[in-house]
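Residue numbers -34 to -1, 1 to 318, in mature numbering (1 follows the signal peptide of the UniProt record, and there is no 0), belong to the letters of the sequence shown in order.
Just so you know, these hints were derived from the structure itself, not from any lab.
Ideal Cβ positions, reconstructed from N, Cα and C, are used throughout, including at glycine.
Just to be clear, a hint being listed does not mean it is correct.
[To be verified] What follows is a list of derived Cβ distance ranges for each label pair:
1. V317 / V2: 33 to 39 Å
2. V244 / N144: 36 to 42 Å
3. G245 / D199: 22 to 28 Å
4. G217 / V2: 40 to 46 Å
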Amino acid sequence: MLDRSRNAGRSLAAAVLTAALVAVGLAAPVPASAAVSRAELALRWAPIHYQDVDATGSHALGGRSDYITKVDFDGDLNGRNNWDRAGQAGASFAAHAYYSVLETSTHWYITYLFFHPRDWTDHPFFETEHENDGEGVLFAIERDGSTYGVLRSAVSVAHSNFYSYAPAGSTWSGGRENIDGTLQLQASPHDSFLHPVTAQEAQGHGLKAYPQYNINGDGLVYYPSTVAETPSDGNDRDVRYALVDVFASGGLWAQRANANLFANLGTFAGDDTGDCGVGTFDCSTNSANAPWGWDDADDLPGRGEIATDPAKLSAEYFTIPGSPSRTYSYNPYASAAAALAEAARTAPPVVD
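Use the sequences and the hints to build the structure in full.
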């Protein structure tokens, strides 16, 4: 009886310690008998993210224009003031990324969006810039019976092109599209997992698997966490970022009809006021996209399907063994299927 009491006490102490570590972001949550939540899945597979930083030119804001942050970093959901607000005192560059999780019986599909208030340049010729910038990546996770599944593939968004990757040892191979490289995994100092590694270029923020993009000089390394840190400077190599659910109450998807934030379904609203375009070729308007507006016009999947129908996109990009399900058990985008199809038919071409 004494040994059993000691073991029970040790188990209780371990549970309390794990909960405390999770609360401060030092360990990822490890579910016991309960099924893993979507938030836990998103945290488990969120990428270690390399962000190149360019501090040159007035539009760089000393490098802050390359920091990832929230859409409402300035305290409002008006997409048309973000360029100017980014340069004003009080703007928050606490690190956040958005995610959505869709489910079938065979796979989880997790999309991550990294947002910047400015897509900028310091070149005067043949280069444009625009207010807001949204690029990201889709990960396909096979439900193999383990808690978090197995990572099989990634498709990244770099402006108006998609790039596909598979980690070493993946059972997935190229499909209609050739695989563009190997998706690397690295250990995080903030939890016990290996995470996929992505990277964004400075200025235009195209996203690929690391090291196809990499830090060139100054840069930031972001680590997934439950804590949102602000970089100490443009060369901070350990910044924790927090995750925000696209489908949260009042979140990005709920705001899709907010005309102050979106110019149309899937396209962030942005104008050419302030100094956007000054000293460059032009400042374009309404040029950044949410995940349900991402598109590679040269590929078969339609506008937004990387987020709204990732099982379809994955079947096009990869050869997948077995019988992957195309039927979703969780897909909040499905409620707006007709509107998404109409936006795909009528929306202006993606130019991000």
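Hints, one by one, checked against the model:
For the pair V317 and V2, the beta carbons lie near 38 Å from each other, so the given range of 33 to 39 Å is met. Between V244 and N144 the beta carbons are some 41 Å apart, a value that agrees with the proposed interval 36 to 42 Å. Between G245 and D199 the Cβ separation comes to about 25 Å, which falls inside the hinted range of 22 to 28 Å. Here the CB-CB span from G217 to V2 is close to 21 Å, at odds with the stated 40 to 46 Å.
In this structure, only the earlier hint numbered 4 is contradicted, and the remaining ones agree with it.
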